[in-house]
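There are 2 protein chains.
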Amino acid sequence: MSKALVVLSGGQDSTTCLYWAIKEFGHENVSSLTFDYGQRHRVEITAAKKVAEIAAIGHAILPIDTFKVLGGNALVDDRPVVDSSEQDTQLPNTFVPGRNLVFLTFAAAYAYQRNIEHLITGVAQTDYSGYPDCRENTLSSLEQTLRLGMEYTVTIHTPLMNLSKADTVTMANKLGAMDAMAYTHTCYNGAQPPCGHCQACQLRAKGFAEAQCADPLVERFAFFSHNHPE
Amino acid sequence: MSKALVVLSGGQDSTTCLYWAIKEFGHENVSSLTFDYGQRHRVEITAAKKVAEIAAIGHAILPIDTFKVLGGNALVDDRPVVDSSEQDTQLPNTFVPGRNLVFLTFAAAYAYQRNIEHLITGVAQTDYSGYPDCRENTLSSLEQTLRLGMEYTVTIHTPLMNLSKADTVTMANKLGAMDAMAYTHTCYNGAQPPCGHCQACQLRAKGFAEAQCADPLVERFAFFSHNHPE
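Protein chains in written order, with the working numbering: chain A, -11 to 218; chain B, -11 to 218.
One thing to keep in mind: the hints can contain errors.
Which copy is meant is left open, so a pair is good if it fits within one copy or across any two.
List of simulated lysine-lysine pairs, DSSO-like, C-alpha gap at most 30 Å [what the hints assert, rightly or not]:
#1 Lys56 to Lys11
#2 Lys38 to Lys56
#3 Lys37 to Lys56
Hints listed in this document are in silico derivations from the structure and should not be mistaken for laboratory results.
From just these sequences and the hints, can you work out the full model?
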């Protein structure tokens, strides 16, 4: 049986993908990988660990220190005697494009070392994702690049690519992902319980509402606050 | 005028490419980038700095801590309670494929932030390079992936792709790269002066011999030992 690696961010989409992979490839053939790339909120990594633990799936964490440097102003810059380039006097744009390309390339390298031929990522080109490195045509092209550049037949699966948030919630529910879903992280503000106000929280709430499903994350904290009144 | 970024390793090929880029794009439009990815020999980074300094070209160093972890046995591994995957009991292959894909993706991200549309890399599919991520078809596919994934028209230039080592030496000579060439690093053993025995040293020597050109690196150390006898 083929082996599969899920890129697990600790959010609701990658968690849904983890359960999709378990169903598709069999529990014993699935493992998961989280990148520690200087996320604003460490709670995302904690969430990924907890999700893998609940799903009882192998989980590794791989560091990438590059994005933090590229996205900040702390780039080690070794200027020569003559600083001739016009661009050097301009402040760089701190937006780092292509993050998903790097994640999947490192995931493929990790998979190659372990004879894993299937990568699963929770990207979607619907709803909120305007990132070009999450689109179907980009990922098809990347798959081809990885196959050529690593000489192995890796396949990138994107089970949520064309689903709405509500569709994803319905899928997660059917796949039995709700126990793990209670520990996923979504809030842009890194708040626990989630702030409920940020764009990410509102999008998540809308998806659950449209799928007519209670969010186990919200329920977990509601239970907590009910039993531990201030 | 278009701006160009040279991926500078500190070796003879990327140094030749730096001078190629200066000729092609104009000195004021060229900058250079070196990756600090846990090279076995730190002397490579020192060489890159020195080359950029001699060429009087802006030079930045970008860290990547991921390869060292992927290539070793120090991967942070966060195992769940149930360790169910068969592959987890096998030692991973420590060869990390696709290094060049990562370098060029990060270079493109760095370039994007600075409105640089041309990337130059010294890879060659002739002579010794058997790496699939250095081949022409891989880099064409990667270029397409980067264009789609970052939504900008980046072009990857590989001026040495089909040249022999001797051709590269001849090109470097014509481009006036020999002052910088004296400070490049090639030796697999990280030795200074170069050991002369390893595969890299021998390939370099063969290239210079076939091009009927003295290696300024060898001459620099010969001069040194002549004037500083032990």
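Within, between, both or neither: how does the pair Lys38, Lys56 come out at a Cα-Cα threshold of 30 Å? The answer is both: 25 Å in one copy and 26 Å across copies each meet 30 Å.
Regarding Lys56 and Lys11, is the shortest C-alpha distance of 30 Å or less found within a copy, between copies, in both, or in neither? neither (35 Å within a copy, 33 Å between copies)
Alpha-carbon proximity between Lys37 and Lys56, which holds within one copy, between copies, both or neither at 30 Å: both (22 Å within a copy, 22 Å between copies)
Figure legend: structure checked against the earlier numbered hints; the only hint not met is number 1.
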